[in-house]
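Peer 1: Going down the list, the sequences are from chains A and B. Following the working numbering, the numbering of the first sequence begins with 392 at its first residue and continues without gaps. Following the working numbering, the numbering of the second sequence begins with 4 at its first residue and continues without gaps.
I should point out that these hints are in silico values taken from the structure, not numbers from a laboratory. Just to be clear, a hint being listed does not mean it is correct.
What the hints assert, rightly or not - Computed spacing ranges between beta-carbons, pair by pair:
# : chain 1 : residue 1 : chain 2 : residue 2 : range
1 : B       : Leu215    : A       : Trp479    : 20 to 30 Å
2 : A       : Asn944    : B       : Arg172    : 31 to 41 Å
3 : A       : Ile615    : B       : Gln80     : 51 to 61 Å
4 : A       : Ile895    : B       : Asp101    : 54 to 64 Å
5 : A       : Ile895    : B       : Asp208    : 16 to 26 Å
6 : B       : Gln80     : A       : Asp600    : 27 to 37 Å
7 : B       : Met178    : A       : Ser928    : 46 to 56 Å
8 : B       : Leu215    : A       : Lys970    : 27 to 37 Å
9 : B       : Gln105    : A       : Gly695    : 53 to 63 Å
For every residue, glycine included, the Cβ atom is placed at its ideal position computed from N, Cα and C.
Spelled out from the first residue to the last, the chains are:
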Amino acid sequence: MIILFFLSSGLFLGWSLGANDAANIFGTAVGTRMLRFKTTAIVASIFVILGAVIQGAGANHTLGKLGNVSTIAAAFTVALSAALTVYWMTRMSLPVSTSQAIVGAIIGWNLYTSNPTDINVLIKIVSTWISGPIMGGIFAVLLYMLVKLVLKKTHIHLLYKDSYIRISLLVVGAFGAYSLGANNIANVMGVFTGAINLPTIDLGIIQFDSTQQLFLVGGIAIAIGIITYSKHVMETVGNTLMPLTPDAAIVVVLSQALVLFIFSSQGLSTAIQSIGLPAIPLVPVSSSQVVIGSIIGIGIYKGGKEIKYNILGSISLGWIATPLVAGVMAFFMLFFVNNVFKQDVGGNRTLVAKVDNQTIDTIEPQDTTVSIQSIIPQINPNQSEQTNAESSYFTSSILFWLTIVILMVLVTILLILFFNLRLKDRYKLKQIEVLEKKYHIKIDQLEKSLDEKIQLQDNLGKELKFRQSEMVTMAISIIHKNEFLDNLKNEVVKIKTGTSDQEIRLRLNKLSLMITQDLSIDRDREKFQMHINEQNSNFIHLLERSFPTMTDNEKRLASMLRLNLSSKEIASILNISPKSVEMNRYRLRKKLKVDPKINLSDFIRDF
Amino acid sequence: MSLLFKNVKQLIFDIDEFIDTVEQGVLVFKEGVVNYINGEHASFADKIVTIDKLEATADKLQRKIDDEFYRHSILPQNASDIEEMLDKLDELIDISKDNLYQFEDELPFIPKELKSEFIRLTEISTESALAVFPASRSFFRQPLKVKEMLSKVYFYEKETDKIARNIKRRLFHDMKDLDLSQKMHLRYFTLHIETVSDKAESLADLLSILALKMSI
Chain A
392 MIILFFLSSG LFLGWSLGAN DAANIFGTAV GTRMLRFKTT AIVASIFVIL
442 GAVIQGAGAN HTLGKLGNVS TIAAAFTVAL SAALTVYWMT RMSLPVSTSQ
492 AIVGAIIGWN LYTSNPTDIN VLIKIVSTWI SGPIMGGIFA VLLYMLVKLV
542 LKKTHIHLLY KDSYIRISLL VVGAFGAYSL GANNIANVMG VFTGAINLPT
592 IDLGIIQFDS TQQLFLVGGI AIAIGIITYS KHVMETVGNT LMPLTPDAAI
642 VVVLSQALVL FIFSSQGLST AIQSIGLPAI PLVPVSSSQV VIGSIIGIGI
692 YKGGKEIKYN ILGSISLGWI ATPLVAGVMA FFMLFFVNNV FKQDVGGNRT
742 LVAKVDNQTI DTIEPQDTTV SIQSIIPQIN PNQSEQTNAE SSYFTSSILF
792 WLTIVILMVL VTILLILFFN LRLKDRYKLK QIEVLEKKYH IKIDQLEKSL
842 DEKIQLQDNL GKELKFRQSE MVTMAISIIH KNEFLDNLKN EVVKIKTGTS
892 DQEIRLRLNK LSLMITQDLS IDRDREKFQM HINEQNSNFI HLLERSFPTM
942 TDNEKRLASM LRLNLSSKEI ASILNISPKS VEMNRYRLRK KLKVDPKINL
992 SDFIRDF
Chain B
4 MSLLFKNVKQ LIFDIDEFID TVEQGVLVFK EGVVNYINGE HASFADKIVT
54 IDKLEATADK LQRKIDDEFY RHSILPQNAS DIEEMLDKLD ELIDISKDNL
104 YQFEDELPFI PKELKSEFIR LTEISTESAL AVFPASRSFF RQPLKVKEML
154 SKVYFYEKET DKIARNIKRR LFHDMKDLDL SQKMHLRYFT LHIETVSDKA
204 ESLADLLSIL ALKMSI
């Protein structure tokens, strides 16, 4: 249970990674309705766990080289500070990456525990942050060219293409999820692998060592993030960067998956080494930044007009800000965990804790040296190390008093808050009396304003009815006018055939022409349609919100049905055949999912 | 979720059958008008029955295709465009059927001097419609080729306009023996036949826009 408690920060980090990064893999597929969320969530969850368990060790090894967090309390604190950084920066709408947050937090741990940071490893990691998006861009361009070439050369039917794209989105998404699990599990569980050692589970064919068990738990946390929250992320920020077509989405997801796979595959790295090339650094990279790199790659290939170059600035800001914030937060949190909660956080701080326990009440600093020598004789054999112990004792004393001061400050703040609250209570009592008086006056005013509002609503209702009847009248008048003009024209033709006077015939011809011209002009119809759109703007807005896939024609038809116009009348107004109106009604009924027993016009009026 | 390939095959078959049905409808219209002008009443009556059946089949197929699109959420980004295209195709057979019925109901008198002109008008107007069907089929397989296939539609539509204008000019300028009512009646029938090429042009416009959209 205690392990689970300490793992909670890593699990939270995994949950947020699943919730955020699944949108990079399946966001476009779900957003364009090519795949259902349920299907994508199941596939992504399975493959992210497989990737984590099978191939998660590579990137984790490099993180371990950067700083091997050796105690569970330190691992908890490091993961928590990374998780809080990600959460806080996301809330502040700042560009953030889990990979960069965890690296920053580990460096924070290194600094606090005086553990040396391997600059070579750090350079290797930072170089992948830059090369990851660049590689994503290169892969995206190459794949995009390949897809375009294939589509140009093969004449696949549009419907087969649709099916192939759906299957490809699912397969490529599964590969993307696998790579995400393989590459990013180190961010979630990496810091715990040095601190927790679980017994190996032997299932006969497969054996799960401690790291794999931890990665399985982390993978499940990511999967829960995908299932519970990624839909929300896909719907809200899915297309913020750039709306992608499904075939472009395949390219972007595949290039992202390839980059993450390359930076996490031990086998590939070994294979490259075997042919004399340098090994691939196995490092967790940000999937979001690789996706951005891929999209920018496609954008440049298309001519570079649609690219939002400020995104590059935000990525660079993320490279600096995220590790910095996570590092500072980790440093201060470790300080509290170490000194306030008296938890072992590893490194040099372990020694300080032991010295504190045994010699905190000792009389002389010299005795401490003796004490340290007696505790760890094999590692303190000479004078220079005695000096180290003295300085450790000195540091621990400062930290002890610093903790006391902080606690006192905290207590003082709490007391001030307490008295402040009491004062506020008294003040509030007085205020309540004054408010009660004001409240009664306000009630009177509100009653009056309510009466006015009711009156206003009545008037608006009347006006609405008037406007609706005005539109119906207008529609009917268009129909009547057209019928009347038709009859009038027939009468003119009749009179013309009955008369022999050439002048009268000429005048009647002119009259007939004028009538025909008026019949064909659609100004009234346009005016009527404009009126309908204006009058039903709220209704249309409501329809858009409830049924976002409705087309303009469907909205217009719904507005006309709301006016209780028949199919023939609508056909006359829109200048289309009644059969087309019937077909459009049929489609609208399907789109609105109206029960066959319910009248469509009734449904729309009651909407 | 993705359609099974078997269902995709069936849907492609339905779309092809729908286009074939509409194409047959236009051909029947052409033959029907020629039969009427040549006074072949039995053949004309036969064409009316045929086009009626073809129009019913086209309607049935259109609803079936529509249902499949909705049920399986096929081509979600282009579904409404494709439905609009199918609507416009359906309008071609609708207008052909309505025109043939108008010949049957109103029995227009066509003078001998104009018979060949009316036959030519019908042939060229239907040619325009017949040229749009290969483009409609190509839209599903090679959208980039659609545009070049539409040039015939525009050409025949313009030719139809010229012939129609010629008929109207001859009616009102040269044929003094005809009553104005007869002239007006024939003018409307010229318009009816012209409408087929107009509808074909409207479908061609839509197809070229859709092809452009697909190529982006």
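Peer 1: Does each hint hold? Answer for all of them.
Peer 2: Status of each hint after checking the structure:
no. : hint                               : result
1   : B:Leu215 with A:Trp479: 20 to 30 Å : violated, 46 Å
2   : A:Asn944 with B:Arg172: 31 to 41 Å : holds, 38 Å
3   : A:Ile615 with B:Gln80: 51 to 61 Å  : violated, 31 Å
4   : A:Ile895 with B:Asp101: 54 to 64 Å : violated, 35 Å
5   : A:Ile895 with B:Asp208: 16 to 26 Å : violated, 44 Å
6   : B:Gln80 with A:Asp600: 27 to 37 Å  : violated, 47 Å
7   : B:Met178 with A:Ser928: 46 to 56 Å : holds, 55 Å
8   : B:Leu215 with A:Lys970: 27 to 37 Å : holds, 29 Å
9   : B:Gln105 with A:Gly695: 53 to 63 Å : holds, 57 Å
Of the hints listed earlier, those the structure fails to meet are numbers 1, 3, 4, 5 and 6, in rising order.
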